[in-house]
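Peer 1: Chain by chain, the residues:
Number of protein chains: 2
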Amino acid sequence: MTIQIGDIGRAVRETAYAVRGPIVARAQELERQGREIIYCNIGNPQALEQKPLTWIRRILALCEYPELMERMPEGLFPADAVEMARRILRDMKYGTGAYTDSKGFLFVREAIAEFIRRRDGIEADPEAIYLTDGASKGVRAVLSILIDGKRDGILIPTPQYPLYSATITLYEGTQLPYPLDEASGWKLTRAGLERAYGEAIRANVRPRAVCVINPGNPSGAVLDEENVALVLDFARERNLAVLADEVYQENVYRPGDRFVSFASLLERKGYRDVSLFSFHSTSKGLLGECGQRGGYLECRNVPPEVMDEITKLQSVSLCANTAGQIVTFLMVTPPRAGAASYDLHQRERREIFESLARRAQIIERGLNAVEGIHCNPVTGAMYAFPRIDLPPGVSDEEYCLALLEETGICVVPGTGFGQAPGTAHFRTTTLPPAEKLEQVVARIGAFHAGFVARHARRATAL
Amino acid sequence: MTIQIGDIGRAVRETAYAVRGPIVARAQELERQGREIIYCNIGNPQALEQKPLTWIRRILALCEYPELMERMPEGLFPADAVEMARRILRDMKYGTGAYTDSKGFLFVREAIAEFIRRRDGIEADPEAIYLTDGASKGVRAVLSILIDGKRDGILIPTPQYPLYSATITLYEGTQLPYPLDEASGWKLTRAGLERAYGEAIRANVRPRAVCVINPGNPSGAVLDEENVALVLDFARERNLAVLADEVYQENVYRPGDRFVSFASLLERKGYRDVSLFSFHSTSKGLLGECGQRGGYLECRNVPPEVMDEITKLQSVSLCANTAGQIVTFLMVTPPRAGAASYDLHQRERREIFESLARRAQIIERGLNAVEGIHCNPVTGAMYAFPRIDLPPGVSDEEYCLALLEETGICVVPGTGFGQAPGTAHFRTTTLPPAEKLEQVVARIGAFHAGFVARHARRATAL
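If you read the sequences in order, they're chains A and B.
So the number in the working numbering is just where the residue sits in the first sequence, counting from 1, plus 48.
So the number in the working numbering is just where the residue sits in the second sequence, counting from 1, plus 48.
Bear in mind the hints are in silico, worked out from the structure with no lab data behind them.
Among these hints, one or two may not hold up.
The list treats identical chains as one, so a pair stands whether inside a single copy or across any two.
Said to hold, decoys possible - When the alpha-carbon atoms are kept at most 25 Å apart in a straight line, the in silico SDA-like pairs for lysine to any residue are as follows:
id, residue 1, residue 2
1, K99, E396
2, K484, G143
3, K141, Q487
4, K360, A239
5, K360, H503
6, K317, S403
7, K198, R188
8, K235, G197
9, K360, A73
10, K317, A59
11, K235, G420
12, K484, R398
13, K360, R502
14, K317, A64
15, K99, V130
16, K99, A385
17, K484, R83
18, K235, G246
19, K198, D305
20, K484, D139
21, K141, Q76
No experiment lies behind these values; they were computed from the predicted model shown.
Using the sequences plus the hints, can you model the full thing?
Peer 2: This is the structure we're talking about:
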């Protein structure tokens, strides 16, 4: 007999990952039938016309095929790109085709440590940095060392990015949802954290860590310093590790707002007794290099023997892919001011940033103009998570499916991220090009009015 | 308080991965102190002077930086490489920077299906193929759906590649070791499989699947058709899935030997009731592209709803890296006969193949010339797993550590792979360049005699 679905482990079957769930499968089916689909379900900038940064791709190409540098005419690549490629090739030692250290190339980890010093004015240790295939692999590694069964709980925000709920389920731990306060622009509150903690203790679950996503996915909100401090104080008092998902750290759009890293505040407060795991990625920011699967995990206040366990887990998968490691290196190593690649790099980054900021505005304003849709300020990341007023008995899943069928717009129901009981939301990315985004917003507006009227009539008729 | 090692999950702590274990850590330490180390611990060809295939790197470079094709002078790249890069870029749709389908690019999966048809003369379904970051991620995915706790057992060979033992431990399943018969050149036997099966049943463990590595790691042996058939018949009668690790399928050196895929024999026998998972990789064969992390998993006789679970697991990690997917595509899509890249490609492949075959011979003959070392024919893969006669009370771990300290040669103790009780082995790769390999063999010979004499004296003195 072949394997049967009933033979598959319970944890695997119970794992759910909405961002690529049934609505997306339906969208792909419609697309195969010839419908135009606008994918607003996933933060995948380069699938929506964002161009890669030239600096990164030039150097990556030279590293993949170094012989080109011997054969090409002078001037085909800017001198600083060639110089950087030579430096990377020297530091890699064996090129892109060999396994690297389990933790990743040392020269990349050193460059990341330097980046953290520059960004935050704090010390950073290359030996506490792990290169990972995207941030998600780092998150999985940390959750797998923290969870040893149902009794181990992880505090996660509501709404959260379903990587967290999926991975906790897969590793058979317990999700401990704490609320983000929609009324105050998705801020964290001490009361919310304490409530989740207290419920865990009463249920005989041991809270092990608190996860924070800043800037927020799906919330689109940027935490201020007070909020970051609140989490660190709470973690310290309650003896929790902190998982800081900071992959959107460059995506802060509102003038006056500023990204505050957990590492910087941890050091400023001098907390030596709070273990911090922070995650970064090449997939977001201004790079949008999702397909390259680059990212890193930085550990602080994590004992060496615990880090050795992470290294061991990494070693079973051998190493992160080398292209992703190079892209990670280049993310933290831009062209030098005045060098040949500098101006283009600055211009490309500025254009991407300004366009992302503008599109966040289009979404926020456009959705708020619709009666029955309420969208918090989209000040960071690449998402909006608007609340929708639905007739009684109608779910956000039905809403999103109908939206897809009627308009070709693919968004993800709030249920996949978690939401306050009795509320309904959806997550949309802000990533379609501006003109298309205007259409998206207009079509959602028209759809919403029709959908609500239709269901209200149905409710009255019953 | 920070995280403590005692807080880390038991399964994680119990996981062991010898290929990158303590001996390798010590080797790196010695290297930092200035010692020359010859790494024979890991199948990492490009770290030991193997060159990448030009076809692959040229096209990869163009795919990473497509603008180059607009800017470069004619003739810098062969026409068929440029044409292939354009085709890949068209089929990728969004370039290397976007997430792909959870299963990987469809055009790559189609090319793999075509490769299987060509190789085996059987049908293959692109929808049953998953692109993975190296074969190891495919193995992990399959083991994670098959194992739901201690009661689930997986039959693995002794000796085995520690990816299997490590992953089974990590997922809290039970390893069911079956012996490979050293006396007959590491062949499988039905009696050995039945014994392992029977022991599992008596221990109240449910055998779920049998893993086979062919050509063998660490055994260096190629299974004949009879052996492959034996596994399929056993799996069918005992209701087991088959995991076929076929990453060394191109590494078959002995004239007359031939790689027989599990898929081909499964189809020839017409078994519709045996689920087969086979794995391939860009890391081995004649590519040696370990750092690119390319590979695939093919499922046969696996119900769609079970494949959906694998897809879901893949989707939580979003997708395999795009460079690895492109390298996988090019592995199965060589230059056309007569096209500009053809001759060079053939020559590079031939040279690599001949050199690997020659080095397998050097190891086999050289080790067998040492009194007290017994090496089976190295007819496949990239490893030898010689048996060593050691004085009573001396472990292979001590032996390998002493070998490292005295000679700078880093091999892995047999204990890490499993071996018959009362025997001692080590695994060495065949990968150092031929001249260096002659030295390796000579140094092992001199070391062995000295080590054994020293320990025999010590034993007598006690």
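Peer 1: The structure should be examined with respect to each hint, and the outcome stated for every one.
Peer 2: Results for each hint:
no.: 1; hint: K99 with E396; verdict: within (9 Å within a copy, 35 Å between copies)
no.: 2; hint: K484 with G143; verdict: between (41 Å within a copy, 21 Å between copies)
no.: 3; hint: K141 with Q487; verdict: between (50 Å within a copy, 23 Å between copies)
no.: 4; hint: K360 with A239; verdict: neither (38 Å within a copy, 35 Å between copies)
no.: 5; hint: K360 with H503; verdict: neither (55 Å within a copy, 32 Å between copies)
no.: 6; hint: K317 with S403; verdict: neither (36 Å within a copy, 59 Å between copies)
no.: 7; hint: K198 with R188; verdict: both (16 Å within a copy, 22 Å between copies)
no.: 8; hint: K235 with G197; verdict: neither (30 Å within a copy, 39 Å between copies)
no.: 9; hint: K360 with A73; verdict: between (36 Å within a copy, 11 Å between copies)
no.: 10; hint: K317 with A59; verdict: neither (39 Å within a copy, 35 Å between copies)
no.: 11; hint: K235 with G420; verdict: within (22 Å within a copy, 70 Å between copies)
no.: 12; hint: K484 with R398; verdict: within (21 Å within a copy, 52 Å between copies)
no.: 13; hint: K360 with R502; verdict: neither (57 Å within a copy, 34 Å between copies)
no.: 14; hint: K317 with A64; verdict: neither (38 Å within a copy, 38 Å between copies)
no.: 15; hint: K99 with V130; verdict: both (21 Å within a copy, 21 Å between copies)
no.: 16; hint: K99 with A385; verdict: within (22 Å within a copy, 36 Å between copies)
no.: 17; hint: K484 with R83; verdict: within (16 Å within a copy, 61 Å between copies)
no.: 18; hint: K235 with G246; verdict: within (20 Å within a copy, 58 Å between copies)
no.: 19; hint: K198 with D305; verdict: neither (39 Å within a copy, 51 Å between copies)
no.: 20; hint: K484 with D139; verdict: between (44 Å within a copy, 24 Å between copies)
no.: 21; hint: K141 with Q76; verdict: between (43 Å within a copy, 15 Å between copies)
When held up to the earlier numbered hints, the structure conflicts with 4, 5, 6, 8, 10, 13, 14, 19 and fits the remainder.
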